[in-house]
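Peer 1: Protein chains in written order, with the working numbering: chain A, 1 to 151; chain B, 1 to 135.
Heads up, some of the hints might be wrong.
[Unchecked claim] With a straight-line Cα cutoff of 25 Å, these simulated DSS-like cross-link-like pairs (lysine-lysine) come out: (1) Lys125(A) to Lys68(A); (2) Lys132(B) to Lys98(A); (3) Lys126(B) to Lys98(A); (4) Lys57(B) to Lys124(B); (5) Lys10(A) to Lys76(A); (6) Lys124(B) to Lys48(A); (7) Lys10(A) to Lys98(A); (8) Lys98(A) to Lys76(A); (9) Lys84(B) to Lys124(B); (10) Lys50(B) to Lys134(B); (11) Lys48(A) to Lys125(A); (12) Lys84(B) to Lys132(B); (13) Lys57(B) to Lys98(A); (14) Lys76(A) to Lys125(A); (15) Lys48(A) to Lys6(A); (16) Lys57(B) to Lys48(A); (17) Lys76(A) to Lys6(A); (18) Lys131(B) to Lys50(B); (19) Lys98(A) to Lys131(B); (20) Lys126(B) to Lys48(A); (21) Lys137(A) to Lys48(A).
[Stated by the list, open to error] Restraint-style ranges between C-beta atoms, simulated for each label pair: (22) Val127(A) to Gly81(B): 38 to 44 Å; (23) Lys57(B) to Asp21(A): 53 to 59 Å; (24) Asp21(A) to Glu111(B): 30 to 36 Å; (25) Met78(B) to Pro104(A): 21 to 27 Å; (26) Phe56(B) to Gly75(A): 31 to 37 Å; (27) Lys126(B) to Leu100(A): 21 to 27 Å.
Calculated directly from the structure, the hints in this document are not laboratory data. Treat the numbers as computed from the prediction; the structure is a model and nothing was measured. For glycine and all other residues, C-beta sits at the position ideal for the given N, C-alpha and C.
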Amino acid sequence: MQFLEKEIQKYTHLVCAILLDFEIHPLPGSYEGSSAETVLGSVQITGKWNGAVMLCLPSTLVDTLTEKMFSIKPGKASIEEKKDAIGEMVNMIGGNIKALLPQPCALSAPLMALEGHQLHFPSTKMVTHCQFECAGKPFALSLYEQVEDPS
Amino acid sequence: MGDFESEICQYTESIWKSILDLDVLAGCVHISGEWDGAVSLDCPAELAQKVASIMFKMTDEEVTPDLVQDALGELTNMTGGNIKSLLPEPCYLSLPAVTMTQHGLRIPGSELVTSVTFQCWGYKFKVSVLKKLKK
Chain A
1 MQFLEKEIQK
11 YTHLVCAILL
21 DFEIHPLPGS
31 YEGSSAETVL
41 GSVQITGKWN
51 GAVMLCLPST
61 LVDTLTEKMF
71 SIKPGKASIE
81 EKKDAIGEMV
91 NMIGGNIKAL
101 LPQPCALSAP
111 LMALEGHQLH
121 FPSTKMVTHC
131 QFECAGKPFA
141 LSLYEQVEDP
151 S
Chain B
1 MGDFESEICQ
11 YTESIWKSIL
21 DLDVLAGCVH
31 ISGEWDGAVS
41 LDCPAELAQK
51 VASIMFKMTD
61 EEVTPDLVQD
71 ALGELTNMTG
81 GNIKSLLPEP
91 CYLSLPAVTM
101 TQHGLRIPGS
111 ELVTSVTFQC
121 WGYKFKVSVL
131 KKLKK
C-alpha cells in the first residue's frame, strides 16, 4: 500500500462526485500519457510536511471536466476556463490531503503546465501514484514528498 | 491580455525555438502565509545548463537534464527565499517546481506584481513576483 493511497482514492472520488457529478474508478498501474496530450495541475504543501500533489489528465478529459464544471457547450471551453477547472480540482484534492498531514501546513496556489510541457519537482520523490478512470478516460494523481538533502 | 494570451505565448515560443533555437526553462516557488503568491525564474535552457555545470563542477557534456532542473530549482529557491524575507511574517516557501518553457507554466488566481529582466553571459533571464488574488 502506498502512502495515503486509500485516502487519496477516497478524496479524489469525493471531489469528482460532489464537484462534477462524475463517477471515477481506481485503475491498477500507472498513467503515463504523452506530454503533448496531457495537462498537469499541482499544488504544493509547505510546513511540517513538504511536497506536492500533481494531477495529470489527458486534454480530452480536461475539456469534458471543464464543460461539466462551468456548464459549457462541447468544444467551447477557453484556456482560462480549463485552467480554472483543473486548478480548482487539484486545490480541493490537495486541501483534503493536506488535512491528513502533520500540521501546520500551507497549501500553495495551483500551478499548471499545459499540453507539451512537463512539471518537475527537484529534491522530491514520488510516494504515491493512483490511476483512475473517468468518463472512459484515464487520469492520475501523484503525491511527491521532499527528500532530505544528503549534504 | 485575455483574448490573445495563448496566441502570444504560442508565437513567442515558436520564434524562440525556431529562430533562436532556444528552449526556455521556468522555476517557481510559492510563498504562503501572511503574504500569498509565487516567485518564478525564466531562463534559456542553455543558461540553465551553464549554471548547472558551475554549480555541480561538471563540464557541459556531463550535465544531465535532471541536474539542470536541480540547478534551476535551487536558484529559484534562493531567489524566492530572499524575496520572502522582505514580506510580512510568518511566510513559508514551497519546494521549487521546474518546467520546460515559461509559456506552459501558469498560476491561476494570481497577478503579476513585479517582473525584472537580467542579462548574464549574453542570455536574458527574468524574475517575476506574482501575488495571489483575493477571492
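Peer 1: Look at each hint and say if it fits the structure.
Peer 2: Now for the hints, and whether the structure bears them out:
no.	hint	result
1	Lys125(A) to Lys68(A)	33 Å, violated
2	Lys132(B) to Lys98(A)	19 Å, holds
3	Lys126(B) to Lys98(A)	32 Å, violated
4	Lys57(B) to Lys124(B)	23 Å, holds
5	Lys10(A) to Lys76(A)	31 Å, violated
6	Lys124(B) to Lys48(A)	36 Å, violated
7	Lys10(A) to Lys98(A)	14 Å, holds
8	Lys98(A) to Lys76(A)	33 Å, violated
9	Lys84(B) to Lys124(B)	23 Å, holds
10	Lys50(B) to Lys134(B)	39 Å, violated
11	Lys48(A) to Lys125(A)	17 Å, holds
12	Lys84(B) to Lys132(B)	14 Å, holds
13	Lys57(B) to Lys98(A)	38 Å, violated
14	Lys76(A) to Lys125(A)	37 Å, violated
15	Lys48(A) to Lys6(A)	22 Å, holds
16	Lys57(B) to Lys48(A)	33 Å, violated
17	Lys76(A) to Lys6(A)	35 Å, violated
18	Lys131(B) to Lys50(B)	30 Å, violated
19	Lys98(A) to Lys131(B)	22 Å, holds
20	Lys126(B) to Lys48(A)	31 Å, violated
21	Lys137(A) to Lys48(A)	35 Å, violated
22	Val127(A) to Gly81(B): 38 to 44 Å	25 Å, violated
23	Lys57(B) to Asp21(A): 53 to 59 Å	55 Å, holds
24	Asp21(A) to Glu111(B): 30 to 36 Å	32 Å, holds
25	Met78(B) to Pro104(A): 21 to 27 Å	24 Å, holds
26	Phe56(B) to Gly75(A): 31 to 37 Å	47 Å, violated
27	Lys126(B) to Leu100(A): 21 to 27 Å	37 Å, violated
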